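Keeping the supplied structure of chain A fixed, place chain P upon it in accordance with the hints.
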Amino acid sequence: MADEIKALFNQRLGRYQAAIALEPTDRIPIAFNTTYFAEKASGYTYQEIMYDPEIWAKVEIEFAKKYPELDTFRTNLQWSPNWDVVDYRLYKVPGRDITPKSLQQFVEAEYMKEDEYRLMIDDPVTFRMERYLPRILGEFKERGSIRSYMAFLKSGMAQGIVGAINRERGARLAAEVGMPQPVMGNFAAPFDFLSDNLRGLNGIMRDMFRQPDNVIEACEALLPDLINRALATADPLKRYPIFVATHKPCFLSPKQFDTFYWPTFKKGVEMLIEAGYTFRVFLEGNWGPHWHHIAELPRGKVLCDIDNEADIFEAKKAFGHQQCITGGIPNEMLILGTPDEVRARVKLLCETVGKDGGWIPHGGGHIPEDTKPENFRALIDAVMEYGRYSDGPPPEPKSNPNIPPGVKLPEPRVVTPWEIKKAEWAIPGDEELIKKNWERLERMAYNWLLSW
Amino acid sequence: MTALAEALRDLNEKKVYELVDKMLEQGASPEKIISECNEGMVAVGDLFASNQYFLTELMFSAEIMKEVMQKLEPLMESSGVAERSAGTVVIGTVKNDIHDIGKNIVVSLLRSHGFKVVDLGVDVPAEKFVEAVRETGAKVLGLSALLNSTYPEMKNVVEAITEAGLREQVKIIIGGTICNETVRKFTGADFYANDAVTGVKICKSVYS
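Heads up: the protein sequence lines correspond to chains A and P, in order. Read in UniProt numbering, the first sequence has 145 at position 145, and its numbers run on one by one without any break. Read in UniProt numbering, the second sequence has 58 at position 58, and its numbers run on one by one without any break.
Just chain A, same shape as in the assembly:
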């Protein structure tokens, strides 16, 4: 990385990290999590970007060059062949199922039946292999068929390719334009994982009334696996926050949230914070009835994206003293409004919620694809004009690959533990060499099982 680009990368990351930590920096960062505007403005269709990693990287690099004031941004997409090889049914894919110009869209349903809690809790591997995956992976409909074996083989390879694509794009953004990432890796609240992927909103709604104990037990059972999935996908240097998209709290009463959602979510987030990680959490919908709980989490560790349905000023009052927040610019203002309106809104936010730090401009968790370019420009210019704290420079970025001593993380689960395999071999050589790689691949395969 050329010195100048490296310096730019460090300034941007340092500014972003300082804002999250509620520490002083030179100005309000421009750090968008999901930026669908970048895809739309590129002139490529979603299908072209999602099927061609070269185009994907080009879109992000050109966007970074066009808007050098940005500190970080992300096009929140997937490499679609990874879904195609197994015929993943939870997403409608642009160009394959829906128009090439549309975003991918999630298809929620009751993929887990109401009487399957016991199996899912007691034997998650059998549940997923025998019940869940055949329902959601078209290529696994006929278990044991040659086609299903080939699909699994291709899927393993595809996930390796996904990792390589993401690493390469991230490395190119850093090396060519000095652009860091807004997030790396994924955690999910156990309740969201259960309701989004397995039971659907209708299913979980009935379960909370008819079998509440099973819902609680399922969330507890899912937590260790979700923590391990987060650890496997997070930035090993801990420079970037782990991303969490929360989906269901806006549908829950405070009592339901306190009973079913918060206990396991809090436990998971706290455990990973203790291990040295930070978070970026999209609080989808109106989190107003629940967000006083966010103040319970360690200060300056959880950046929260506030959605349009919630009031950014109320968020600031409720937990803004503990965590940095983003948002406050209505999506419809970016899409239908004028540059003057955007400018006035950003000025107001800079002078209020962003006055002493702790705020980053954003739409409702994302920058909409139909944002007018002149409105996007107005947003950036207004931050440059009204968002200065000092002449700089921003603080140096921090990284720390080590897990602090004494932190206990859940043991990663596997399908075939080493002890079982070992008993099938005599092993005349170095057992450790074989064991280490066996376990690593077992853990990767287990995470694959969880990734659907």
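Keep in mind that a hint or two might mislead.
Listed next, with one range per pair, are the computed distances between beta-carbon atoms [unchecked claim]:
| # | chain 1 | residue 1 | chain 2 | residue 2 | range |
| --- | --- | --- | --- | --- | --- |
| 1 | P | Ser-208 | A | Thr-99 | 51 to 61 Å |
| 2 | P | Glu-73 | A | Arg-440 | 53 to 63 Å |
| 3 | P | Lys-32 | A | Asp-258 | 35 to 45 Å |
| 4 | P | Thr-2 | A | Pro-212 | 26 to 36 Å |
| 5 | P | Val-42 | A | Asp-311 | 27 to 37 Å |
| 6 | A | Phe-313 | P | Tyr-207 | 36 to 46 Å |
Bear in mind the hints are in silico, worked out from the structure with no lab data behind them. Model, not experiment: these values are computed from the prediction. By construction, the Cβ of each residue, glycine as well, lies at the ideal position given by its N, Cα and C atoms.
Relative to chain A, chain P alone:
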């Protein structure tokens, strides 16, 4: 408020079914049972509107009501009672959006309040909405969406209804969390609703 209405208001599912069975045994008419349930449903709507109930509680009330109706409908058919209807509503998620959670909540709530609902599903092109409004003569058309990229499509449907000469006949509601007054004006719709109870209230006022 009757015991049945109270049980429904309190989302006491078992008690609702027990009371319905008991009333049927004692010879109560399905109409009387429905009328008491309606009182409970209105109370649930009020609790939701005053932020005492949340969405999953609203949904569960519609779930209980659906079960009650499944029990009552065969009896109503056999006794030759005409189908109750508070009015007809055509609804669907607009083209290029396949999300249906919000729409389905509105549909089940409308049905539990006695409306006849023509649900066109998701990713519905403008001409389908036009056709359904023309065929049913519905006075309310609901356009649902989750994605904010659908603003132009919602506007397109409103214009297609106008071009088909149906605009005077039908009130158009855009619904979903992405809707507000700015979006309503842009699309040319008559109303917007951010939640299902507001949507049902608008339908009731159109048909009152």
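Q: Would you list, in rising numerical order, the hints stated earlier that this structure does not obey?
A: 1
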